[in-house]
Each structure stands twice: as C-alpha cells, then as structure tokens.
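Visitor: One letter stands for each residue in the lines below.
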Amino acid sequence: MALDKKNIAKRIAKELKDGFYVNLGIGIPTLVANYVPKEIQVEFQSENGILGMGPFPYKGGEDADLINAGKQTITSLPGASFFDSAMSFGMIRGKHVDLTILGAMEVSENGDIANWKIPRKLVKGMGGAMDLVASADNIIVAMMHVNRKGDSKLLSKCSLPLTGLRCVKRIVTELAVLDITSKGFLLVERAPGVSVQEIKEATAGKLEIPVDVPEMQF
Amino acid sequence: MINKTVQTVEEALEGVSSGMTLMLGGFGLCGIPENAISEIVRLGISDLSCISNNAGIDDFGLGLLLQQKQIRTMIASYVGENAEFERQMLSGELEVILTPQGTLAEKCRAAQAGIPAFYTPAGFGTEVAVGKENRSFHGKNYVMEEAYQADFAFVKAWKGDAAGNLIFKGTARNFNPLMCGAAKVTVAEVEELVPAGALDPNQIHIPGILVNRIFQGRDYEKRIEQRTLRNT
Numbered sequence: 004m005a006l007d008k009k010n011i012a013k014r015i016a017k018e019l020k021d022g023f024y025v026n027l028g029i030g031i032p033t034l035v036a037n038y039v040p041k042e043i044q045v046e047f048q049s050e051n052g053i054l055g056m057g058p059f060p061y062k063g064g065e066d067a068d069l070i071n072a073g074k075q076t077i078t079s080l081p082g083a084s085f086f087d088s089a090m091s092f093g094m095i096r097g098k099h100v101d102l103t104i105l106g107a108m109e110v111s112e113n114g115d116i117a118n119w120k121i122p123r124k125l126v127k128g129m130g131g132a133m134d135l136v137a138s139a140d141n142i143i144v145a146m147m148h149v150n151r152k153g154d155s156k157l158l159s160k161c162s163l164p165l166t167g168l169r170c171v172k173r174i175v176t177e178l179a180v181l182d183i184t185s186k187g188f189l190l191v192e193r194a195p196g197v198s199v200q201e202i203k204e205a206t207a208g209k210l211e212i213p214v215d216v217p218e219m220q221f
Numbered sequence: 267m268i269n270k271t272v273q274t275v276e277e278a279l280e281g282v283s284s285g286m287t288l289m290l291g292g293f294g295l296c297g298i299p300e301n302a303i304s305e306i307v308r309l310g311i312s313d314l315s316c317i318s319n320n321a322g323i324d325d326f327g328l329g330l331l332l333q334q335k336q337i338r339t340m341i342a343s344y345v346g347e348n349a350e351f352e353r354q355m356l357s358g359e360l361e362v363i364l365t366p367q368g369t370l371a372e373k374c375r376a377a378q379a380g381i382p383a384f385y386t387p388a389g390f391g392t393e394v395a396v397g398k399e400n401r402s403f404h405g406k407n408y409v410m411e412e413a414y415q416a417d418f419a420f421v422k423a424w425k426g427d428a429a430g431n432l433i434f435k436g437t438a439r440n441f442n443p444l445m446c447g448a449a450k451v452t453v454a455e456v457e458e459l460v461p462a463g464a465l466d467p468n469q470i471h472i473p474g475i476l477v478n479r480i481f482q483g484r485d486y487e488k489r490i491e492q493r494t495l496r497n498t
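The listed protein sequences derive, respectively, from chains A and E. With the first letter of the first sequence counted as 1, position 108 gets the number 111 in our numbering; the numbers rise by one all the way through. With the first letter of the second sequence counted as 1, position 138 gets the number 404 in our numbering; the numbers rise by one all the way through.
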C-alpha cells in the first residue's frame, strides 16, 4: 500500500544519524522531526535563524519572536542558539549542515530539482531552497511520486524552472525510495505491498531496477 | 556617547520620499519594523523599491504598502502569504525580483561591510543566474551577486540604547542586523529604549555606529502568522 505523508516522514527519519545537524523544509519534511529515533541526538536548523529547534509550543507558550521557516510558532531546546540570516546561510553554504530534507515539484534522473515556480500560474519564490540545494552534499527529497493530475514527478528532464542542478541524492515517495545514480533513478526500496511494476508505471525518467528490491522497514 | 535618539516616528523617517529604495527587516511578520511601515503608509509616498525577505500578509506588514499601491518593485525571497501581492505581480502592476534567501542576506551584509559583490553557488544554472557573471572556483560554479544600494534601512530590535546599540530577540533577529548600516540612513525602532550604559556591551548584537536614528516603538501588535500548537 502506498505510504501516507506521516509514513514518508517516518521512513526518512531512518536516514538521520547521531550528531547530524538537519535542515527541514516546509511540508512533509517538517514531520520528520516527530520520528527521530530515541537512541540518537540530532539538532534541527531553521534557516530563519535557530539551531536546536524544538516542537510546537503548548497553548499559552506561543512567542511571536520564535518561529520556524514556515512561520509556525516553535520552541527552542537546551543548547539552542539564535543567529541572523547571513550566519544561517553561511552554515548552509559552508556545508556545516549535514542533511537537507525538502519537498519538490519535479526531480530529474540526473538529480536536478524544480520546486519554486510554475510560470504564469504560481510564483511563491524560492525562499532558501536555492541556497540549500546549491551547497548541501546530502539532499533528500520528500514528495509524492505523481502530481494531482496523475503525471510522474520523476522525469528524464524537469519541465519547470530549476531550483538547482545535479544535487538530489535520494528521493522518498509514497511508493519507493530511489537514489540518483549515473544511470538514472535507482530503485532502492518499495513501500510495503507496492509492486515494482506500479513504481515503474509512476516513473517517467530512466529507472534502474535491481534483481532484489526489498520492502521498506519501519 | 553620540546620541542617536529621536523622539517620534515622524522625525525618524525624515527624508524618506517617493522613488526611494528601502530595506525592511523581518522574516514573515516576525521582527518587522511595524512603526516605520505605519508611518510610510501615513506619508503616502509611492514608487518605492522594497528589499525585504517577504511581502507581509494582505492586511499587515508590507501588505499594507501593497494595498495602497506604494510599492513599484519588490525584492524578496518568498511571497507566498499574500494574495494581493500575487494579483499585482501576475497582472504586471508590480515588478518582483525573487532572490534566494541566503543571497538576499549576503547582499545586505555586503552593503553593510563595503563589499561591492561576491560569488555564491545559489542559483547557478537557474533563471536567477541569467545575465550575471558565472565563475568557477576549485571546480564548483558560482554566480556573482552585487551588494544592494539602498536609501533607508528600517529595522526592529528588542532593546536598544541611546547610542544606537541593538539587541535582538529569538528569530526576530533574521535580516535586521544585516540591514544596519547597509543603506544611506539606518533607522532602528525598539521595544525598549534604555539610556547608554544600561546594556551590557558583551551582549550587544549591533554596535551603534551602524545606526543613524533610534526611537522607542509603540503599540506593537507582533502578529503570529501560523499559530501552531502541540497536542497535549
């Protein structure tokens, strides 16, 4: 069965390693914070200027001066720090952040990503996405395999304006985990009960299918 | 001590006029110079170029200037929260220069620090890099970005003293410190203005040399854009 958004986040949380500084994008990536394995320590960075971001506040604990990049009220954890936006993106461009998890509208088989603009239709801006994808070595995309019209979002070439070139390393969708390799999308895992054939049909770009494709473990 | 204090918002904004380029601190509605924005609305000046990470929401922040059609060019990284903005942009009434957030921050800091331009990897190979110099360093590609040139910078701090020293709070810091001294005139409004000597020099985020005018702000609303709570 295809995963829901929570389970996509849960699967991505398995990519977290002890000691990682992690930047989470808006949407599914934000949910990853709920599934950090108990035995490891990670710190979340929000590009508007906090390291050591904590969960949402309890009612009454909201502070207008303490928000995340999605403008949601948050809390800070022991060891947290605040800083300005130049320092924040210095951390990002300087490769001090270990893992970036973000959403996408399209990803191509060479790792290009498009997630900021649909010409003449939707222009919200790139926010910090271009800075993040231009620098991070470790980028995981969390997204649905197909769009609302049923078209694949994993393409041979992005049709939308690009956010970054050859930067995505891994993609987790409701159907599969895929890596970007020199041969295109490599099918690494499939969602429980989802067949290789289903994934093949939902992938427009070049798909490399190993002999054995294990089911995801949670 | 050089006293930077002005008594009123009118005095603080003296010299601001139509056609100018303004920097405004804040991320979303967090840490925005609310008093300066209200005064710009009251002055009714127009044809402004505004540099700010976001464009406010329909009825607050820079959204108030958009409602009055006071902005001609908006330079921002993300404008998704404002329907009137999107309408003016798609209809061509408003010129918009979308800029990667880290680049926007650095273009402010470069202006503050006397650096005319810098190279960043952000946006290489995308629309953002069109018409700009590209250069490779150590096998990686970069885009040249130039420092901003602005007439006024409006920032909001938590505490400030008469000498113009500033301390910010939480994530309300964001772009505010980077805009100080990045324009011809920097105007800081603060929630709490104290006499010189009342702030610990060890704790100051922005030294007063980067601030031209400071005033005690009034009636802060400090609206929350996305009030998100934890389930008990």
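Keep in mind the hints are simulated off the structure, nothing from the lab. A couple of the hints might just be wrong.
Stated by the list, open to error - Keeping only pairs whose Cα atoms sit at most 27 angstroms apart, straight-line, the calculated DSS-like set for lysine-lysine is:
no.	chain 1	residue 1	chain 2	residue 2
1	E	K406	A	K124
2	A	K186	E	K406
3	A	K127	E	K425
4	E	K450	A	K120
5	E	K406	A	K172
6	E	K335	A	K160
Visitor: Now, for every hint given, state plainly whether the structure supports it.
Guide: Consistency of the hints with the structure:
A distance of roughly 33 angstroms separates the Cα atoms of E:K406 and A:K124; the hinted pair therefore is violated under the 27 angstroms criterion. Pair hint A:K186 plus E:K406 holds up; C-alpha atoms about 22 angstroms apart against a cutoff of 27 angstroms. Between A:K127 and E:K425 the CA atoms are separated by roughly 33 angstroms; this puts the pair beyond 27 angstroms, and the hint is violated. Using a Cα cut-off of 27 angstroms, the hinted pair E:K450 and A:K120 is violated, with the two alpha carbons roughly 34 angstroms apart.
Between E:K406 and A:K172, the direct Cα distance comes to roughly 17 angstroms. Compliance with the 27 angstroms bound is thereby established for this hinted pair. Note on E:K335 and A:K160: the hinted pairing is violated, with a Cα-Cα distance of about 39 angstroms set against a maximum of 27 angstroms.
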